[in-house]
Structures are given as C-alpha cells and as structure tokens.
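Visitor: Sequence:
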Amino acid sequence: MKKCLFVLAGLCFFINAIAQSETQVPFAETIKISANDSLLKINSVAKNQLVKIAEGYSKGKKTRPIRLFFNSPTNDENKKMANFIAAHLEQDLYKVNLSGVISKYIGETEKKLDNVFEVAANSNLILFFDEADALFGKRTTVKDSHDKYANQQIAYFMSLVNQFKGFVFIQCKNNDCLDGSLLQTFTKVGEKQE
Numbered sequence: 000m001k002k003c004l005f006v007l008a009g010l011c012f013f014i015n016a017i018a019q020s021e022t023q024v025p026f027a028e029t030i031k032i033s034a035n036d037s038l039l040k041i042n043s044v045a046k047n048q049l050v051k052i053a054e055g056y057s058k059g060k061k062t063r064p065i066r067l068f069f070n071s072p073t074n075d076e077n078k079k080m081a082n083f084i085a086a087h088l089e090q091d092l093y094k095v096n097l098s099g100v101i102s103k104y105i106g107e108t109e110k111k112l113d114n115v116f117e118v119a120a121n122s123n124l125i126l127f128f129d130e131a132d133a134l135f136g137k138r139t140t141v142k143d144s145h146d147k148y149a150n151q152q153i154a155y156f157m158s159l160v161n162q163f164k165g166f167v168f169i170q171c172k173n174n175d176c177l178d179g180s181l182l183q184t185f186t187k188v189g190e191k192q193e
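Numbering (numbering that gives the first Met the number 0) for the sequence shown: 0 to 193.
Think of the hints as simulated: they come from the structure by calculation, not from any bench. Incorrect hints may have been included.
[Unchecked claim] Cut-off 20 Å, straight-line C-alpha distance, at most; resulting in silico cross-link-like pairs (EDC-like, lysine to aspartate or glutamate): (1) Lys94 <-> Glu76; (2) Lys111 <-> Glu89; (3) Lys103 <-> Glu76.
[Unchecked claim] Quick list of the computed label-pair ranges, beta carbon to beta carbon: (4) Glu89 <-> Gln151: 21 to 27 Å; (5) Ile105 <-> Asn161: 21 to 27 Å; (6) Lys110 <-> Asn150: 15 to 21 Å; (7) Ser158 <-> Asn123: 19 to 25 Å; (8) Lys79 <-> Glu107: 18 to 24 Å; (9) Lys164 <-> Asn82: 29 to 35 Å.
Don't be surprised by glycine CBs; every beta carbon is placed ideally from N, CA and C.
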C-alpha cells in the first residue's frame with residue numbers, strides 16, 4: 000500500500016512539473032533592439048527607460064533594481080549591450096561565468112554564489128551572469144544524483160537575486176532557459192523581429 004501511494008505521489012508531482020514547464024509567463028517588460036542598428040545603438044524608448052531608471056537610482060529615489068535577461072545570438076552582442084547599460088548607470092560590471100561557479104559537490108555552488116553576491120554588494124557592482132544556461136538549462140534526463148539538486152540551486156540563486164539591492168543581468172543562449180516564475184522579475188533585452 001505504501002509503495003502504491005509513493006508511486007501515485009511521484010506521478011502527480013511529475014504531471015504537475017510538466018504542466019508548469021509548458022506554461023509560459025511573460026517577461027516583466029521587453030526591450031527590443033533592432034538587428035540592423037549598430038550594437039551600441041539602443042532604440043529611443045529603451046534608452047529613455049534605462050536613463051530614467053539610472054537617474055532615479057543615482058538621486059537616491061527608491062526604484063526597483065534593474066534585472067535584465069539578454070538572449071542575443073552571440074555573446075559579444077550581449078556583453079557590449081551590458082557594458083553600454085553599465086556605462087549609462089555609471090557603475091562597474093562584474094562578469095560572472097556561471098559555468099565556472101556551478102560545482103558537482105553539494106553546497107559548493109551556494110558558497111560560490113554567496114561570495115559573488117557579497118563582493119558585488121560591498122563594491123556596488125552590477126552583476127552580469129554569463130552562460131546562465133549552466134544553472135537554468137532545462138534538464139530532460141537526470142544523468143546523476145547531483146542533477147536532483149539543480150532546482151535547489153536555482154531557488155537559492157533567485158533568493159540571492161531578490162535580496163540583492165543592485166542590478167543583475169543574466170545572459171542565456173536559449174530563450175527557454177528561464178522558467179515562468181523567473182520571467183516575471185526580469186526585463187528581456189533581445190532583437191526585434193523584422
């Protein structure tokens with residue numbers, strides 16, 4: 000009887016996970032960059048949004064921190080755009096390669112993330128997480144026992160992001176790397192479909 004209940008509970012969890020993964024929640028906002036424009040030429044609406052937020056931030060007004068999700072096809076475009084925005088905010092950009100932060104040892108990823116956020120908070124840096132696919136990538140199969148801790152790492156990462164008072168930029172190659180609950184807190188910066 001216990002085995003039957005355990006299997007039934009597992010099946011319900013699996014069906015719920017599939018239903019949640021197929022539900023797409025829109026980003027908080029979308030800033031679209033024209034592919035034909037130069038990389039550092041943001042359209043006027045996006046530029047005005049960023050300048051307004053930066054001015055409010057520098058004057059000490061309580062504005063919500065900027066949380067950007069980049070998904071341009073090449074890393075160079077994402078990095079240049081992040082540097083451009085950081086220059087407008089007059090802050091330094093602290094690039095973190097998430098593939099180097101992720102560890103196969105339990106608890107090590109969390110320790111490394113704590114260090115990253117502590118350094119950024121003490122130095123007033125903008126965090127730019129490159130290759131976020133390493134943390135947020137969809138796992139279709141569990142290859143080893145460490146993959147089951149991936150959701151805990153994502154939850155821990157997002158709790159650090161939500162506590163962090165500064166700005167956080169995330170870059171993924173795949174548009175689907177963030178799940179619905181994460182999309183609501185980030186503004187997507189991507190190319191216009193022309």
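Visitor: Hint by hint, say whether it matches the structure.
Guide: Consistency of the hints with the structure:
no., hint, result
1, Lys94 <-> Glu76, "holds (14 Å)"
2, Lys111 <-> Glu89, "violated (26 Å)"
3, Lys103 <-> Glu76, "violated (30 Å)"
4, Glu89 <-> Gln151: 21 to 27 Å, "violated (36 Å)"
5, Ile105 <-> Asn161: 21 to 27 Å, "holds (23 Å)"
6, Lys110 <-> Asn150: 15 to 21 Å, "holds (18 Å)"
7, Ser158 <-> Asn123: 19 to 25 Å, "holds (21 Å)"
8, Lys79 <-> Glu107: 18 to 24 Å, "violated (32 Å)"
9, Lys164 <-> Asn82: 29 to 35 Å, "violated (21 Å)"
Of the numbered hints listed earlier, those contradicted by the structure are 2, 3, 4, 8, 9.
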